[in-house]
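Here are the chains, one letter per residue:
2 protein chains.
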Amino acid sequence: MSTKHLSKGSKNPAAFKGKLRLYSNRFCPYAQRVHLVLDAKKLQYETVYINLVSKPEWYTKISPMGKVPALELENGDVIYESLIIANYLDEKYHQNALHPKDPLQKAKDSLLIDRFNKIVTSMNKVLLSTGRTLDDQENNIREGLDIFEYELGRRGNFFGGHKPGMLDYVIWPWVERAELLKLFNTRLSLRKDKYKKLMEWKNAMIEDNSVKKTYLDTNMHIKFLQSLRAGMPECDLILSQL
Amino acid sequence: MSTKHLSKGSKNPAAFKGKLRLYSNRFCPYAQRVHLVLDAKKLQYETVYINLVSKPEWYTKISPMGKVPALELENGDVIYESLIIANYLDEKYHQNALHPKDPLQKAKDSLLIDRFNKIVTSMNKVLLSTGRTLDDQENNIREGLDIFEYELGRRGNFFGGHKPGMLDYVIWPWVERAELLKLFNTRLSLRKDKYKKLMEWKNAMIEDNSVKKTYLDTNMHIKFLQSLRAGMPECDLILSQL
Chain X
1 MSTKHLSKGS KNPAAFKGKL RLYSNRFCPY AQRVHLVLDA KKLQYETVYI
51 NLVSKPEWYT KISPMGKVPA LELENGDVIY ESLIIANYLD EKYHQNALHP
101 KDPLQKAKDS LLIDRFNKIV TSMNKVLLST GRTLDDQENN IREGLDIFEY
151 ELGRRGNFFG GHKPGMLDYV IWPWVERAEL LKLFNTRLSL RKDKYKKLME
201 WKNAMIEDNS VKKTYLDTNM HIKFLQSLRA GMPECDLILS QL
Chain Y
1 MSTKHLSKGS KNPAAFKGKL RLYSNRFCPY AQRVHLVLDA KKLQYETVYI
51 NLVSKPEWYT KISPMGKVPA LELENGDVIY ESLIIANYLD EKYHQNALHP
101 KDPLQKAKDS LLIDRFNKIV TSMNKVLLST GRTLDDQENN IREGLDIFEY
151 ELGRRGNFFG GHKPGMLDYV IWPWVERAEL LKLFNTRLSL RKDKYKKLME
201 WKNAMIEDNS VKKTYLDTNM HIKFLQSLRA GMPECDLILS QL
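So the sequence lines, in the order shown, correspond to chains X and Y.
Quick note: the first sequence, position 59, residue 59 per my numbering, numbers continuous.
Quick note: the second sequence, position 64, residue 64 per my numbering, numbers continuous.
It should be emphasised that the hints constitute simulated quantities derived from the structure, not laboratory data.
Even for Gly, the Cβ is constructed at its ideal location relative to N, Cα and C.
All clues stand as given, with none of them false.
Looking from chain X toward chain Y, a few residues come up when the C-beta cut is under 8 Å (computed): (1) D77; (2) I79; (3) E91; (4) P103.
My request is simple: use the sequences and hints to build the entire structure.
The structure is reproduced here in structure tokens:
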């Protein structure tokens, strides 16, 4: 299986029957969510990386909107949308359960995932901004993080308790990229004194075996963001470093 | 329990301990989703109706964003967001299960719920429009309905098979209001010849016992929409007809 992103003109590699196949992109945080869930559940899968700027012609037959992630199942069915895939995997494969068993706790985690999406929206506005004032986004991010700092204080080392659960993994990709905010406004970096629990959590997450498999450091994310903002996103940056 | 919508200056009625309480609004389609799920699962609950234009001061203590629906649980915890509440109820109370048992079928239904949200977005743009051209919205609605017509053809009388399931109930509130589109453009009414399965499904849904409990006819929805568009939504319209 190629580790390069497939582009226009490429062929879809023949699938191994009976194996999960994830269509992904190394810099897509939504695709990273699904890698994290697959890895945390110790599922076997192969990955096909898609160049999102110059998509292979065959890709819309796999994923109708042309988005990653998309998961091709053993029977050839394809599902997409990161959270729908994540829920599917946790319901289908019972080992290493990631969602809380208690329906109320699960509902509360779903509300927090919803809440985190507001942070993501603000973060994207900052990272892709063209210089306008970003005070509102800064406030949104800070208000959101306050909630997560408080929540972590009640829960333990991870949102999932003594080990990472679904909430930890589905918010992680944006925390991995959080230092990027420093490029735009130093006030937006995670203050170590204010977000003490979150900082400890971040350090613990970096040591997690599933996180390690897809982790890219801030320098790599900066290079990708620069190429993205310049209109020429380089998905294969990581390969040029190998 | 009052059947009137509570407004600014009102008091929150004392809760019966150990009973589910739904904060709702008679004309809110998202709140209707939760009524349908509670009724389909034959759960006992009380309803407090909230005037969304002149909200009771105490309401943001119940629902942080001030939105309905919000469900107060037996232990005093409150959860919100219609789909999160619906999932919670189906996971917590096993009688009359609404989600498919098969994780893949459940994932596919989740994708369809997501797809339906695009129809809702376009429908809202039409219903709350101020006269701009709405061709794009019409196309979006038609493309979406084509998918649902096709899907129903494969499934039976209901999306849930021989009886309504989660997908049927969570999309129903907007189908109940679909005739409103006729007010704005006759091309947007559901064409009986093109959407034969959906029309049969709609007729069958109207006869469903859970749907009957919250059903309002098109005339009532028109009156509410007119009051909404005039900037003075009358939540208690239904009471003046009793």
